[in-house]
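**Student:** Read off the chains here:
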Amino acid sequence: GNSVTQMEGPVTLSEEAFLTINCTYTATGYPSLFWYVQYPGEGLQLLLKATKADDKGSNKGFEATYRKETTSFHLEKGSVQVSDSAVYFCALPLTQGGSEKLVFGKGTKLTVNP
Amino acid sequence: EAGVVQSPRYKIIEKKQPVAFWCNPISGHNTLYWYRQNLGQGPELLIRYENEEAVDDSQLPKDRFSAERLKGVDSTLKIQPAELGDSAVYLCASSLDPAGYQETQYFGPGTRLLVL
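For the record, the sequence lines run as chains S and Y. My numbering numbers the first residue of the first sequence as 396 and each following residue consecutively. My numbering numbers the first residue of the second sequence as 962 and each following residue consecutively.
No lab work stands behind these hints: they were computed from the structure. A hint or two may mislead.
[Said to hold, decoys possible] Selected chain S positions facing chain Y (in silico; Cβ < 7 Å):
| # | residue |
| --- | --- |
| 1 | P405 |
| 2 | Y434 |
| 3 | P435 |
| 4 | E437 |
| 5 | L441 |
| 6 | F484 |
| 7 | S494 |
| 8 | K496 |
| 9 | G500 |
[Said to hold, decoys possible] With a Cα cut of at most 27 Å, we get these calculated DSS-like pairs of lysine-lysine:
| # | chain 1 | residue 1 | chain 2 | residue 2 |
| --- | --- | --- | --- | --- |
| 10 | S | K447 | S | K501 |
| 11 | S | K501 | Y | K1023 |
| 12 | S | K501 | Y | K1039 |
Ideal placement from N, C-alpha and C gives every residue a C-beta, glycine not left out.
Bound-form chain S, shown alone (with noise of 0.2 Å):
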């Protein structure tokens, strides 16, 4: 079935540095993929998503491109801020047993210093 697997954390950079966290995923077809963010205290917020191959997704400097060749989805951003310490969450659909959902990777937590 499908999955993602997450480069594991805790990362932690200075101010301006440069950011990948890096996500493969096992698929079936080509699924939409996403990446949401969890700001410290909050719940859950899509941060892009890609819904085709060689689709790059963009939002707040962050970009992800869905490469098939390698099945990657890594999360880049090039000069990162403090205000971007959260939790990132590379996810795709899954179907299964005749219903569909969501399934998330296990998170990698960032934390960017002065």
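Fit chain Y to the known structure of chain S by using the hints.
**Tutor:** Chain Y only, in chain S's frame:
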């Protein structure tokens, strides 16, 4: 526009006690989800409603968990009796389109449950 509202934000109970969580989704969102998020893990779906109908409850431990969504708006998730392993964050989410998981889900802040 108000987001997904959940209450309470925190709950501490002793094992074998009952507990209930409440969720008010974004106005107009027909699909409502309850997730459980264990420490250091991603959310896992417990139940999904389309309007007032539970269309996927395959992951809900039905011996102790129950949920309802009266009138297709607010929802309540109940655990009775609670066990130590139920300690987690319970997240509610809603989405506009019931057609599947291509639609963006909007999450509430969650209820953090601690069972002693």
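**Student:** Now tell me, hint by hint, if it's right for this structure.
**Tutor:** Hints, verified against the model:
1. P405: violated (10 Å)
2. Y434: Violated. Min distance 10 Å.
3. P435: violated (11 Å)
4. E437: Holds: closest Cβ of chain Y sits about 6 Å from E437 of chain S, inside 7 Å.
5. L441: holds (5 Å)
6. F484: holds (5 Å)
7. S494: With Cβ-Cβ at 4 Å, under 7 Å, it holds.
8. K496: Where the cut-off is 7 Å and the nearest Cβ of chain Y is about 4 Å from K496 of chain S, the hint holds.
9. G500: Result: holds, 5 Å to nearest chain Y Cβ.
10. S:K447 - S:K501: Within the cut-off at roughly 23 Å; holds.
11. S:K501 - Y:K1023: holds (25 Å)
12. S:K501 - Y:K1039: Distance ~25 Å between K501 of chain S and K1039 of chain Y Cα, so the pair holds.
Going down the numbered hints, you'll see the structure goes against 1, 2 and 3, while the others check out.
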